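Q: Following the hints, complete the assembly by docking chain W onto the known chain V.
Number of protein chains: 2
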Amino acid sequence: MADGLTVPFALAAGLSGAVDSTSIIVIAGIAEIAAGSIAMGLGGYLAGKTEQDHYNSEKRREYYEVDHLRHREIEETKEFFASIGLDEELQAKATEQIAQDKDKWVQFMMKYELGLEEPDPKRARKSAFNIGASYIVGGLVPLSPYFFVEHPIDGLKYSVAVTLICLFIFGWFKSKVTGVNPLWGALKVMLIGAMAAAAAFGVAKLFEGA
Amino acid sequence: MADGLTVPFALAAGLSGAVDSTSIIVIAGIAEIAAGSIAMGLGGYLAGKTEQDHYNSEKRREYYEVDHLRHREIEETKEFFASIGLDEELQAKATEQIAQDKDKWVQFMMKYELGLEEPDPKRARKSAFNIGASYIVGGLVPLSPYFFVEHPIDGLKYSVAVTLICLFIFGWFKSKVTGVNPLWGALKVMLIGAMAAAAAFGVAKLFEGA
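Chains V and W, in that order, are what the protein sequence lines are.
For the first sequence, position 133 (counting from the first letter as 1) is numbered 133 according to our numbering, and the numbering increases by one without interruption.
For the second sequence, position 31 (counting from the first letter as 1) is numbered 31 according to our numbering, and the numbering increases by one without interruption.
Extracted from the complex, chain V is given alone in its bound form (with noise of 0.2 angstroms):
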């Protein structure tokens, strides 16, 4: 979300430098948040996918060592052990308790040999779905006060407010959340927001001028 705010945003301002008239700005953003919020949201869900399908075939290959390569899943299993700290005995019990169960077995090695957690399946779409209805969200935002105004620099001006608000209340959000100081947070999501508007509006003017 806080690129669907950022990017847009940036464009809008880069444009407003460069352009005279708003309808332009209006065409171009909304082409960008179409083009994000597609990008991102199948790209999303094509990732889902991805992990989804990689997940279950590793899956397929443990329960195929399991049954096929024992004494090699085995070895991997004592290693687990050695490397968190046990010494020889406990890892021959530990690992000969573990082999016991052939299903909680793969459990194990999926999740300690191979880190990977298994993935929810609805995961994906619900994300993708998130994600692109996030960026058309964040992107009509900073675009909106260019719908009201004549002037470029005007909308400029609305957009500049409103989206820093945006951006400062959403790092808030965002910070409370993963445990961040939100104060610091919200700043951060917003400085992040403006260098990047300045950075467009500045590259816009100069290629305007060429």
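You may find that some hints are simply not true.
Claimed, not checked - Here are the simulated lysine-lysine pairs, BS3-like style, with alpha carbons at most 25 angstroms apart: (1) V:K59 x W:K174; (2) W:K104 x V:K93; (3) V:K93 x W:K102; (4) W:K93 x V:K104; (5) V:K78 x W:K104; (6) W:K93 x V:K78; (7) W:K93 x V:K102; (8) V:K93 x W:K78; (9) W:K78 x V:K104; (10) W:K78 x V:K78; (11) W:K93 x V:K49; (12) W:K93 x V:K111; (13) W:K59 x V:K111; (14) V:K93 x W:K111; (15) V:K111 x W:K176; (16) W:K111 x V:K78; (17) W:K111 x V:K111; (18) W:K93 x V:K93; (19) V:K174 x W:K49; (20) V:K111 x W:K78; (21) V:K49 x W:K174; (22) W:K176 x V:K59; (23) V:K59 x W:K111; (24) V:K78 x W:K102; (25) W:K111 x V:K176; (26) W:K59 x V:K174; (27) W:K78 x V:K102.
Claimed, not checked - Covered by chain W, according to a simulated footprint, are these stretches of chain V (three or more residues, beta-carbon under 8 angstroms): (28) 9-21; (29) 36-43; (30) 79-88; (31) 92-99; (32) 176-184; (33) 199-208.
Said to hold, decoys possible - Non-contacting residues of chain V with respect to chain W, defined by C-beta distances greater than 10 angstroms in every case (computed): (34) V26; (35) D53; (36) N56; (37) D67; (38) I74; (39) K104; (40) E118.
Calculated directly from the structure, the hints in this document are not laboratory data.
The structure presented is a predicted model; accordingly, all values stated were derived computationally and were not measured.
All residues carry an ideal CB built from backbone N, CA and C; glycine is no exception.
A: Chain W in isolation, oriented as in the chain V frame:
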């Protein structure tokens, strides 16, 4: 990098349907690349820093708990061994051995109780640079044809050709690295780009007419 190719590509495609000057497309594209590379690069850098801070603060807490809430930590360690299927005797013995070395114990808790890997301190900077740089390189690919032609639609034709080829090549190698079927992976990446560009083109046309 795929996003770095896709979003500027789609933006340029969208504008090609709506404006009749390549210079506006070039300016918008450059602004988008500047905005995206800063937002993604800086965003990636700060996300990496946050991860590092989070890791360090959790580590300090584990050390505190090992020193002052030893009984609780022992329970938690036993619970881990219970969860992977060891019986009570082995749970107790394994926990006893792990608890002998405080550093190893904390390392164990970080990794297997909390599921946190120690972040590489240099990674945040490196990955920020990589993300930013690939966004710039990726963005210049779909934009470059517009530098050399007069009419946006001509630029669009070359841009579609060049970008889809690049997306295919990129998708191919990315799939090779992640162990997915390369042809299918390449087609997927290409398809996302094509759909995003088509949507941006359609939406921009719609708004131009309005």
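Q: Honestly, which of those hints from before does the structure not fit?
A: The structure conflicts with hints 11, 34, 35, 39, although it agrees with all the remaining ones.
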